[in-house]
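Novice: All chains, full assembly: derive it from the sequences and hints.
Just so you know, the protein sequences line up as chains G and A, in that order. Going by the numbering used here, the residue at position 215 of the first sequence is 215; the numbering climbs one at a time, nothing skipped. All you need for the numbering used here is the position in the second sequence, starting with 1, plus 807.
Just so you know, these hints were derived from the structure itself, not from any lab. Heads up, some of the hints might be wrong.
Derived coverage of chain A by chain G (criterion: at least 3 residues anywhere in the stretch with Cβ under 8 Å from a Cβ of chain G; other residues may be distant) [as the list claims (entries may be wrong)]: (1) 809-817; (2) 995-1004; (3) 1074-1086.
Capping the alpha-carbon separation at 25 Å, the derived lysine to any residue pairs in SDA-like fashion look like this [as the list claims (entries may be wrong)]: (4) Lys-906(A) <-> Leu-720(G); (5) Lys-906(A) <-> Pro-715(G); (6) Lys-906(A) <-> Arg-480(G); (7) Lys-906(A) <-> Val-433(G); (8) Lys-906(A) <-> Lys-398(G); (9) Lys-1009(A) <-> Leu-878(A); (10) Lys-906(A) <-> Leu-709(G); (11) Lys-348(G) <-> Val-433(G); (12) Lys-906(A) <-> Tyr-693(G); (13) Lys-278(G) <-> Ala-76(G); (14) Lys-162(G) <-> Arg-480(G); (15) Lys-398(G) <-> Ala-450(G); (16) Lys-906(A) <-> Ser-716(G); (17) Lys-906(A) <-> Lys-348(G); (18) Lys-278(G) <-> Ile-809(A).
As the structure is a computational prediction, the values presented were derived from the model and not from experiment. Idealized CB from N, CA, C, for every residue including glycine.
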Amino acid sequence: MTATAEPEVGRARRRKEDARLITGATRWTDNIQLAGMLHMAVLRSPVAHARITSVDVTAAVRMPGVLDVLTGSDLADEQGSLPCAWPITEDMLAPPAPSIAVDEVNFAGEAVALVIARTAYEAHDALAAIDVDYEDLPVVLDMAAAIEDGADLVHPDLGTNKSATWVFDSAEAGTGTDVDRAVASGEVVVERTFRQQRLIPAFMEPRSVVVDPTSDSATMWSSTQVPHVLRWMLSAVLGIPEHKLRVIAPDVGGGFGGKLQVTPEEVLTLLVARRLGKPVKWTESRTESMLCAHHGRDQVQRITLAARADGTVTGLKVDLLADMGAYLRLVSPGVPILGAFMFNAIYKFPAYRFTCTNVFTNKTPTDAYRGAGRPEATFAIERIMDELAAELGVDPLKLRQRNWIRHEDFPFTTVSGLTYDSGNYEAATARAVELFGYDALRAEQDERRANGDPVQLGIGISTYTEMCGLAPSRVLGALRYAAGGWEHAAIRMLPTGKVELVTGTSPHGQGHETAWSQIVADRLGVPFEDVEVLHGDTQVSHRGMDSYGSRSLAVGGTAVVLAADKVLAKARTVAAHLMECSADDVEFTSGTFSVRGTSTTMALGDVVVAAHVAHDLPDGVEPGLDAEATFDPTDFSYPHGTHLCATEVDTQTGRVRIRSYVCVDDVGKVVNPLIVEGQVHGGVAQGIAQALYEEAVHDEGGTLTTATLADYLVPSAVDLPWFTTDRTETPAESNPLGVKGVGEAGTIASTPAVVNAIVDAVRHMGVTDVEMPCTPMRVWKALQGRTAVTPATGGVHGSIDARGGAG
Amino acid sequence: MIPAAFDYVAPSTVDEAVRALVEGGEDAKVLAGGQSLLPVLRMRLAAPTLVVDLSGLTELTGVHDDGDSLLIGAMTTHYEVQRDHLIREHAELLCLATKTVADPQIRHRGTLGGALAHADPAGDLPAPALALDAVMVCRGPGGTREVPAAEFFVGHFTTALAPGELLTHVRVPKLTGWGAHYEKFNRVSQAWSIVAVAAALKVSDGVVAEARVGLTNMGPTPVRARGVEEALVGEPATAEAITTAATRAAEGTEPGTDGNADAEYRAHLARVLTERAVTAAVNA
Chain G
1 MTATAEPEVG
11 RARRRKEDAR
21 LITGATRWTD
31 NIQLAGMLHM
41 AVLRSPVAHA
51 RITSVDVTAA
61 VRMPGVLDVL
71 TGSDLADEQG
81 SLPCAWPITE
91 DMLAPPAPSI
101 AVDEVNFAGE
111 AVALVIARTA
121 YEAHDALAAI
131 DVDYEDLPVV
141 LDMAAAIEDG
151 ADLVHPDLGT
161 NKSATWVFDS
171 AEAGTGTDVD
181 RAVASGEVVV
191 ERTFRQQRLI
201 PAFMEPRSVV
211 VDPTSDSATM
221 WSSTQVPHVL
231 RWMLSAVLGI
241 PEHKLRVIAP
251 DVGGGFGGKL
261 QVTPEEVLTL
271 LVARRLGKPV
281 KWTESRTESM
291 LCAHHGRDQV
301 QRITLAARAD
311 GTVTGLKVDL
321 LADMGAYLRL
331 VSPGVPILGA
341 FMFNAIYKFP
351 AYRFTCTNVF
361 TNKTPTDAYR
371 GAGRPEATFA
381 IERIMDELAA
391 ELGVDPLKLR
401 QRNWIRHEDF
411 PFTTVSGLTY
421 DSGNYEAATA
431 RAVELFGYDA
441 LRAEQDERRA
451 NGDPVQLGIG
461 ISTYTEMCGL
471 APSRVLGALR
481 YAAGGWEHAA
491 IRMLPTGKVE
501 LVTGTSPHGQ
511 GHETAWSQIV
521 ADRLGVPFED
531 VEVLHGDTQV
541 SHRGMDSYGS
551 RSLAVGGTAV
561 VLAADKVLAK
571 ARTVAAHLME
581 CSADDVEFTS
591 GTFSVRGTST
601 TMALGDVVVA
611 AHVAHDLPDG
621 VEPGLDAEAT
631 FDPTDFSYPH
641 GTHLCATEVD
651 TQTGRVRIRS
661 YVCVDDVGKV
671 VNPLIVEGQV
681 HGGVAQGIAQ
691 ALYEEAVHDE
701 GGTLTTATLA
711 DYLVPSAVDL
721 PWFTTDRTET
731 PAESNPLGVK
741 GVGEAGTIAS
751 TPAVVNAIVD
761 AVRHMGVTDV
771 EMPCTPMRVW
781 KALQGRTAVT
791 PATGGVHGSI
801 DARGGAG
Chain A
808 MIPAAFDYVA
818 PSTVDEAVRA
828 LVEGGEDAKV
838 LAGGQSLLPV
848 LRMRLAAPTL
858 VVDLSGLTEL
868 TGVHDDGDSL
878 LIGAMTTHYE
888 VQRDHLIREH
898 AELLCLATKT
908 VADPQIRHRG
918 TLGGALAHAD
928 PAGDLPAPAL
938 ALDAVMVCRG
948 PGGTREVPAA
958 EFFVGHFTTA
968 LAPGELLTHV
978 RVPKLTGWGA
988 HYEKFNRVSQ
998 AWSIVAVAAA
1008 LKVSDGVVAE
1018 ARVGLTNMGP
1028 TPVRARGVEE
1038 ALVGEPATAE
1048 AITTAATRAA
1058 EGTEPGTDGN
1068 ADAEYRAHLA
1078 RVLTERAVTA
1088 AVNA
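Specialist: Here is the structure:
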């Protein structure tokens, strides 16, 4: 790189990993073939709650190619309990969480038996030959009913369906005033109940696990977001010495939080491979994935907002029920708690109380899903701010302006106790309003109302912030989370001047290889192409906390910067020695050291070679320039933005069309604008999907009726509008890159923007809410003055049918 | 997503295919384009012992001008149907409906005959076939017979095809110069219809001379909206007349309930979409 080269950071580079990811010419877990490898298939419970009275495998073991059939009883002594790393309260109730059911099944889809065969075909053929007898137990599905006295219990041994209740009160915490008094004296009080439907992460690559056991150790490949966490937890759960276990996340095709987990199937594949002494592979089908991989969201939110007549909010009360499903998975209990700090959002509310009760039901466990707690919180507050605006008869944008934190107020400590370092809500909003053509759309809305147009126009506003860069370890400790929030990076300076960067983050689609290479290229003055990013293998990257919670760049990227600075610090010492000057006189620009005030220079590559061969190093300096660093942030980062959505609602059919979508996000400094743009597009798409399309539906027996992509509607590009995106840039104060994180922003912001726009379109026709997803039928029924409940029969009439046939 | 084991034959003539189907008995399945059968096999919702693959039967592809009607080979793909100039000229409704089927990949694989023989109540081609008075040409061990669409669709995923019988061609009477429109209502682009309306109209001197209206997914089989047709014929092709006629769209239907819609909403949609489809056909 020459001194005049364009800086890498800020450059819209195409991603260096894309060619192999898009063509599939890479190592996805299911592509791995090992000599003598066996295949595992899982028999899953068709019922949501039952006692297993017998499992007969005699016919299945005689099927062609079958080596073994195992039941819960066979593995009961060694399977341990799946870990929950986030006991949110001291008295939280957590039932044992087996990987394979032994006596009882607690959700439809729970593993009941395993077939191990020479081919995947033979393994699946034999599943049908296993005979299981179930004795039905009462099925618990509805959260409100589940916590009533005398309710049927998911886990009778616990004596209740409540796992924990977590409370934050600003008066008690000393961060604000008393909310009950605020509500009692509120000149206007708005109360609403919102439902966060259950969602399925629906990552593109279904999960897959391969385990290769050797005499006393094992290597696991898994399509996971969290290889480091997985290795730690597997050894803790199964008693396998951690140093005898290597976990590799090869290229991973998406996760959205859905692969932030220690899964039953990872435990079972490992146990079976060790038991048989042979490599074993398990790969799920799409339907298996939708049934059994953890779900997301699923809250009932009761929100009370008190305000003065001028629109100044005086208090916010939040009462949540959060559905855990049948068991607590890795961070299930903590997901709604992440939202606790975000209900007050960008606003200067003086009083706040948050109460969340985590509830067990006979459904698939829930856990992190893109945004994890923060989309739920943002939805609720942004929806009810619109309701308050309607109540007061003011423009919802003006109501937000009245209550938000002004840019000159930063740093600002909120009513939930977080200190926001920076932000400029005015700037982002002004830009969004301008791009959107807010006033013209309002005028068109008035016109359509006046004309009684069958297609009504609505405008939805969503302002948001989120806590990103998870997380300061001491804060996680205070929240009783079991792990830390730091991140690690190591830089290996190879003798030819090429660079290997080892990161503890675990990309599964985010583009870390490109972004990290850009950071290193700038810092060390080496070409972008000369940097190789290594990740996801616990033998290569031995320290890390993996990727989730928009943490990778803010925390992991900072570790990269710190490691690079250590390389440079040592290189400076070596260069000074070789150029025979004081280290203080050495300058470093674009990959070259020079002696201040002279023409003497030395390229970094030459210093690398000198340090490597070690022929002439200063006394006491070890050979090599490799360095590593661990960064533990002192605070979160707080991206923010304003999203504006215009919807056209066909009042005759209830169909919603998004007419335009504008978002202006402030994610701080940007390393690669193209990657940021992609994250925003994908995030907004996923948030719109919650607003309009996606819902996991169970019938009254607890069976998931939306277990195919024909029934669970994931929108594609043709179903989505053009996104007009822009950014403002207020650097984060919490890390040297000034970055905030962008992985979840779009998902967090977009859902309320869309629903607010729908309600705004038809509010004059008497509609004050539409439950998500806002299907045409729900919107139409709301217009008829009725609420529509999704029929529990689920499925799409005549979609996938048992009769089959030629098409 | 791994199907159960099955035997597979790929005959090269229709006679061979019929023989294979007869020998395969009840557990034999026909594979045309595979766009419905393969997902069902992979999900193990069906486990036929024999799959008879028709992809080698080139005699069943293509569109032929047969005087008053078009004769379309059952293995003609959706892509070919939507691009065929004879179909566009003489049976435009079929062309328009076919364009709405799923996505381009599926339209390149899926076939007209396969979609009709599958008889999915939410499929987009049975209702246009019914509205166009198409005739199904079927070949079985006893020879060839022609079955009108009105008798072909007998129930949910069920047709009049006898065991061992194959749908070989679709005969579509020419409706040259008619206006046509297929109004499809679904939630995402590649999804099945929640309700759809197929309309073809002949308008002479501003008066509706003939009207055909078929409904998708308003019961276990496609249905003709006879009440709407009766109300339209002889009336001026005005917005008012169309609105009045459309109110009869749900008469005699048996719409089901599923995750997208209940019966009441489907009936409502049928009326709204009929008004839109007929209006568009008149203006086409």
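Novice: Hints the structure violates: just list their numbers, smallest first.
Specialist: Of the numbered hints, 6, 7, 8 and 17 do not hold.
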